[in-house]
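S.K.: Protein chains in written order, with the UniProt record's numbering: chain A, 1 to 578; chain B, 1 to 578.
Because the hints were derived from the structure by calculation, they are not lab data.
For every residue, glycine included, the Cβ atom is placed at its ideal position computed from N, Cα and C.
Be a bit skeptical, because a hint or two may be false.
Claimed, not checked - Straight-line Cα separation of at most 20 Å, SDA-like style, residue types lysine to any residue; simulated pairs: (1) A/Lys54 x B/Gly119; (2) B/Lys225 x A/Val382; (3) A/Lys82 x B/His420.
Unchecked claim - To give an idea of the chain A side of the interface with chain B (calculated C-beta under 7 Å), a few residues: (4) Thr220; (5) Val223; (6) Ala224.
2 protein chains.
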Amino acid sequence: MAVSSGFLRGVKLFNLLAFCVLFFSLVNFPTAEARVRRYKWEVKYEYRSPDCFKKLVITINGRTPGPTILAQQNDTIIVELKNSLVTENVAIHWHGIRQIGTPWFDGTEGVTQCPILPGETFTYKFVVDRPGTYLYHAHYGMQREAGLYGSIRVSLPDGKPEPFAYDYDRSIILNDWYHRSAHEQSAGLSSLDFQWVGEPDSLLIQGKGRFNCSRLASPTLDVAKVCNTTNPECSPYVLTVIPGKTYRLRVSSLTALSALSFQIEGHNMTVVEADGHYVEPFVVQNLFIYSGETYSVLVKADRNPTRNYWAATHIVSRNSTTPPGLAIFNYYPNHPRKSPPTTAPSGPLWNDARPRLNQSVAIKSHRDHVIPPPQTSDRVIVLLNTQNRVNGFMRWSLNNVSYNLPHIPYLIALKHNLLHAFDQTPPPDGYDFKNYDIFNVSENTNGTTGNGIYKLDFNSTVDIILQNANSMSNKTSETHPWHLHGHDFWVLGYGEGKFDIYNDPRKYNLVDPIMKNTVPVHPYGWTALRFRADNPGAWAFHCHIESHFYMGMGVVFAEGIDRVGKLPSSIMGCVHRN
Amino acid sequence: MAVSSGFLRGVKLFNLLAFCVLFFSLVNFPTAEARVRRYKWEVKYEYRSPDCFKKLVITINGRTPGPTILAQQNDTIIVELKNSLVTENVAIHWHGIRQIGTPWFDGTEGVTQCPILPGETFTYKFVVDRPGTYLYHAHYGMQREAGLYGSIRVSLPDGKPEPFAYDYDRSIILNDWYHRSAHEQSAGLSSLDFQWVGEPDSLLIQGKGRFNCSRLASPTLDVAKVCNTTNPECSPYVLTVIPGKTYRLRVSSLTALSALSFQIEGHNMTVVEADGHYVEPFVVQNLFIYSGETYSVLVKADRNPTRNYWAATHIVSRNSTTPPGLAIFNYYPNHPRKSPPTTAPSGPLWNDARPRLNQSVAIKSHRDHVIPPPQTSDRVIVLLNTQNRVNGFMRWSLNNVSYNLPHIPYLIALKHNLLHAFDQTPPPDGYDFKNYDIFNVSENTNGTTGNGIYKLDFNSTVDIILQNANSMSNKTSETHPWHLHGHDFWVLGYGEGKFDIYNDPRKYNLVDPIMKNTVPVHPYGWTALRFRADNPGAWAFHCHIESHFYMGMGVVFAEGIDRVGKLPSSIMGCVHRN
């Protein structure tokens, strides 16, 4: 149940405490329009059939994807989250929201908070200080994959114009979907008898996909009981458009594993926003999108209006057998369930990395909205992305260190000086640049685990070079989408091969780089980022592939801890006993 | 890893703190033999195939059933439990151990402790003050069904004789087994679109059973990957015996649902112990056993020694399609894998309640070990067992109140006087005796939920009458095994039909009733119990069918809270935030 309430309504509805909260909100934020938007969510396990296959999912108020948070810039969002899972804890991350002044509500279990116990109600409260397209999702174990995710759409204050025109605004989340539970997947990944999650069973567009139930055909199983393609839950998502109108379509990806392309049959898309920042517009037929990214594209309904069209998403970068995810781009007044007369478009070649790299490079800041990057940095951290074995377990590592979340969240440990909570030795700022061959399987794939963190000088400028390499399989290098909490970063450049610390920085775009919170590192390539360590707190930076992060592919940055305010006791439930 | 250490070894192994623990143990317990037995357990999800079907189970140190705790009377058991489940909490109950002086280590989530978080290590420490056969298992959500259970065997101090003779001592746990996860089952039970768990897929003897994998035959599934009858994990359990020797076989049941019979082809069994109390010996061919019960039977290997025999367990009381569970009773030196030349014995008629009632009545205290019951009681609580609907949800109730566990454990709420933690109004001591028709579906099946408790006067004598009734299905009344925490009770009598509070007490056995902690109430019958409220703490009393308790079939007793010592902070992790 979403309750959005204006100031006057708020005074009537809330008790004295809530009134004080409102009062201080108004003091903190200059715009008179800033509102408090209050949501009450109940999280529980329920049976659903997003792709026609019935399985247990985690719902919010009965839904997956969960309710969309709609707000205006500088609004305060309050989510009262009741955990009604039976034996499982939960935590929700507000993806792309920087949590300035509220680092404890970033929702990252093990980094910024203890998990929320079954039966508990936990209140998240934060300000959405920038317009744009954001996400929320579970950030605990692999619960995101169980369906706990949704959209946050922050619009400009009334009367403030966007740098592009459109008639209507729509949001969709792309996702890949597995029939095995997150418990089964995580157990397989963390067992000595390693069991890879494999390719997804289907792709979902805004929570709807279609699995071919006949693949489960069996003389002994009543297939219709577990998989039924006539179930309306898995009818294709329909995006209805009025001929001639222009749509702002907010496209996000929260895939567990897959890099995707997205297209609308016969229609161009103009990219205008990425991760909450305006993009110098450019046109694509296929939008490549990686887990954790959000884009706005403009689509004009300017084709033959007597029929419907396919919207389709395909897996790229992996040789997947997963069928495309399909939605119907429905021209009003055609019937929304009327299939397009054409076969669904095929996607781009899965193993052609060139157009993906080209798109990455093409994304620049809108010319009227450039936030100039610092021209130099104070520190460069190069993170070599490798697959490793640690004590026989399959892991992912940065500079050969595979990340293990500690039991006590970093933010609490740092603020309360609990030195025993994690390894006080920081992880390395680089790897053996000279000798490591990124194009082949390493001669020694053994790594170690660690939970040390990078402490950044407050307000310093930090460069991160994500260096990709060959995995443990011959001639294989994967795409990793990296997501930074608490900050946006400037994307200074992408390159192929081994990053050259002397020459490559000269090619950085220091003029109009886009700012983002999620960025891919392409196979055998590198990606260079710059950010200011100006947000007091402890912040995860990790591969957004659920299984990769679970297998250690992440680090944590901390900065300005002395400037972090008093931590709310609600985040500290796992600490007092240690 | 189980480390049992004598006093001298202990001094070497443990640090000063452990030494103090040992020292006080010696001060507390008069026998010089009392030892500290220390276990380090890690609980995690792993794939196992107990009945040849591969599924995720909860293991302790890699095993299900978990390691057996072997101790002597008055030993102190210390279990350091590390929760390595990814997102799930856990709690372990020590079934049959009264926890005198340590009510906080009873392991019942919501009653005696907060759950143990992932990453945490929780230390249980308690004294096993009586010899006998006990159990341990998860007591949180429906985790017991996921495989988290094991045996506790407490022997007499050295030199103290049992009142019966045997050559060897063996333990087996009987269980029923489901392929669907505990998460799936609990979600189905607690949804408006009620989904019953159904009959089990197989029966396990000491963690081994056999599912007919051909039932999964499918042209599209590689069945051998998920179900393989050649997997040694599901080879039948083998109980090897030496001809002519007498075995004490400790038989326990931890079924999720099923009432069982157990037999050893061609062999009589002499019942000598029940729930840790000596039984006046009697002979059975079929031992009926209900979830939560433990028995010792003596079996002499006195048959033709040139062959093996079947040990078999069958479901009774429900019309189940589940095949019997089979083990091999192996006469040495026949090969332990050699199938008996006979077909496995069939079980008793599932719907013949008479022999089950007869066995219940036959169990009396051993004549030399009678603990005389108080001849009168201070309070009588009659608990009508009914199936109800509450707000559309399917539930089980006592006196029309379906029990909902609170978030804050009772023991903590009572000791710290947290009045808001649960409903301060106690549930009713009886039902509408005059008008309620126990033989038919109730005219009004609606009930309510509640979390009020029964406060018992310390040291008072309490009678409980379990009154069975028709469920919500026509002509159906189920068997419910009721388990009391923190106490043994005298079993005063069983009867058919509606309990007559004026006449039936005259038939009570007040001479040599057995004491137990778990007892069945038979279909359309009643069972009368008496216990002394002499153990300060808060104690669950509930149907031991996992789904029934989950659906509300339980109550809580509290007594002598002012005598409960200072609660350890380790149990209170879920409280401080409220």
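S.K.: When the nearest CB of chain B is found for A/Thr220, is that gap smaller than 7 Å?
M.R.: Because about 5 Å separates A/Thr220 from the closest Cβ in chain B, which is inside the 7 Å limit, the hint holds.
S.K.: Measure nothing beyond the straight line between the CA atoms of A/Lys82 and B/His420; if it is 20 Å or shorter, mark the hint as holding.
M.R.: 18 Å, holds
S.K.: Are A/Lys54 and B/Gly119 close enough, with their CA atoms no more than 20 Å apart?
M.R.: The hint is violated at about 32 Å.
S.K.: Are A/Ala224 and chain B close enough, Cβ to Cβ, to be under 7 Å, as the hint says?
M.R.: The hint is violated - A/Ala224 has no Cβ within 7 Å of chain B, the shortest such distance being about 15 Å.
S.K.: Holds or violated: is the Cβ of A/Val223 closer than 7 Å to a Cβ in chain B?
M.R.: 9 Å, violated
S.K.: If you draw a straight line from the CA of B/Lys225 to the CA of A/Val382, is it 20 Å or shorter?
M.R.: The given pair, whose Cα atoms are some 42 Å apart, is violated under the 20 Å limit.
In summary, the structure is inconsistent with hints 1, 2, 5, 6 from the numbered list given earlier, while agreeing with the others.
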